[in-house]
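Chains as they are written, first to last, in the numbering used here: chain A, 244 to 320; chain B, 2 to 156.
In short, the hints are calculated from the structure, not lab data.
Idealized CB from N, CA, C, for every residue including glycine.
Errors might be hidden in some of the hints.
Said to hold, decoys possible - To give a feel for the contact side, a few chain B residues facing chain A, derived at Cβ under 8 Å: (1) ILE23; (2) SER26; (3) THR27; (4) ALA30; (5) LEU31; (6) ASP32; (7) LYS95; (8) GLY96; (9) VAL97; (10) ALA98; (11) ALA106.
What the hints assert, rightly or not - Calculated lysine-lysine pairs in the DSS-like style (CA-CA distance at most 30 Å, straight line): (12) LYS4/B <-> LYS288/A; (13) LYS127/B <-> LYS12/B; (14) LYS288/A <-> LYS278/A; (15) LYS89/B <-> LYS288/A; (16) LYS266/A <-> LYS12/B; (17) LYS288/A <-> LYS12/B; (18) LYS248/A <-> LYS4/B; (19) LYS288/A <-> LYS91/B; (20) LYS288/A <-> LYS95/B; (21) LYS278/A <-> LYS4/B; (22) LYS49/B <-> LYS266/A; (23) LYS266/A <-> LYS48/B; (24) LYS95/B <-> LYS266/A; (25) LYS266/A <-> LYS89/B; (26) LYS4/B <-> LYS266/A; (27) LYS248/A <-> LYS95/B; (28) LYS316/A <-> LYS4/B; (29) LYS113/B <-> LYS266/A.
The residues making up each chain are set out below.
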Amino acid sequence: MEFDKEVDASGLNCPLPILRCKKGLSDMASGQTLKVISTDPGSVKDFNAFCVQTGHQLLQLDVDENSFVFYIKKRPD
Amino acid sequence: MAKSLALIASKGTLDWAYPPFILASTAAALDYEVQIFFTFYGLALLKKDLSDLRVSPLGNPAMPMPVPMPNLLQMLPGMENMATMMMKQKIADKGVASIEDLRTACLESSVKLIACQMTVDLFDFKPSDFIEGIEFGGAATFFQFAGESDVNLFI
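In isolation and in its complexed conformation, chain A is listed as follows:
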């Protein structure tokens, strides 16, 4: 999947993946896509909750045995 920016939150625990994601989105334009890599199993629920509450769109979640990769489209201003 195509993306405009990547944030690697591997090895970090709650709430750092969410904080890194928020920081990553802050200097992006509406409609751009951020890729976030996390190894925290709790982040699956948390990223869903983050997107539901903030209005950013979770486009895709790829899960392999070691990591979770989120593709998040930044909301309109």
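Dock chain B against the given chain A, drawing on the hints supplied.
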């Protein structure tokens, strides 16, 4: 309109330093407006130097220990330092943020940190003991924000 969160942080140990800063930084990431009111031992979380924060196994029976240890041993000199060192090591190993990092995240995301003026005076703390960018206020100051907040928690 943005939601808002008002927290009272009343504890000053390494373990209890986490809940207010985790909740505040996460709420800020979710676009909440956030204030934390630090009172009594919670003021320790606003000190410039956080290296004094400790965790005590004494009177804390739920704290996981490598070997079961009776209170009579936990009270010996050095045990608290050892428990604190072990906890800090575990925090680093598991990729859990340090308190400094979470506090910085709060400040960067405009979480308002308020030190309880009464307890500052009570404990003879000086404004210079604390980090920059905090405010000082009393119970009425807290309620001005808390009364309008969606979520209020005492920690």
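Results for each hint:
| no. | hint | verdict |
| --- | --- | --- |
| 1 | ILE23 | 5 Å, holds |
| 2 | SER26 | 6 Å, holds |
| 3 | THR27 | 4 Å, holds |
| 4 | ALA30 | 4 Å, holds |
| 5 | LEU31 | 5 Å, holds |
| 6 | ASP32 | 6 Å, holds |
| 7 | LYS95 | 6 Å, holds |
| 8 | GLY96 | 4 Å, holds |
| 9 | VAL97 | 5 Å, holds |
| 10 | ALA98 | 5 Å, holds |
| 11 | ALA106 | 5 Å, holds |
| 12 | LYS4/B <-> LYS288/A | 21 Å, holds |
| 13 | LYS127/B <-> LYS12/B | 19 Å, holds |
| 14 | LYS288/A <-> LYS278/A | 17 Å, holds |
| 15 | LYS89/B <-> LYS288/A | 27 Å, holds |
| 16 | LYS266/A <-> LYS12/B | 29 Å, holds |
| 17 | LYS288/A <-> LYS12/B | 29 Å, holds |
| 18 | LYS248/A <-> LYS4/B | 28 Å, holds |
| 19 | LYS288/A <-> LYS91/B | 24 Å, holds |
| 20 | LYS288/A <-> LYS95/B | 19 Å, holds |
| 21 | LYS278/A <-> LYS4/B | 27 Å, holds |
| 22 | LYS49/B <-> LYS266/A | 24 Å, holds |
| 23 | LYS266/A <-> LYS48/B | 25 Å, holds |
| 24 | LYS95/B <-> LYS266/A | 22 Å, holds |
| 25 | LYS266/A <-> LYS89/B | 26 Å, holds |
| 26 | LYS4/B <-> LYS266/A | 19 Å, holds |
| 27 | LYS248/A <-> LYS95/B | 26 Å, holds |
| 28 | LYS316/A <-> LYS4/B | 22 Å, holds |
| 29 | LYS113/B <-> LYS266/A | 18 Å, holds |
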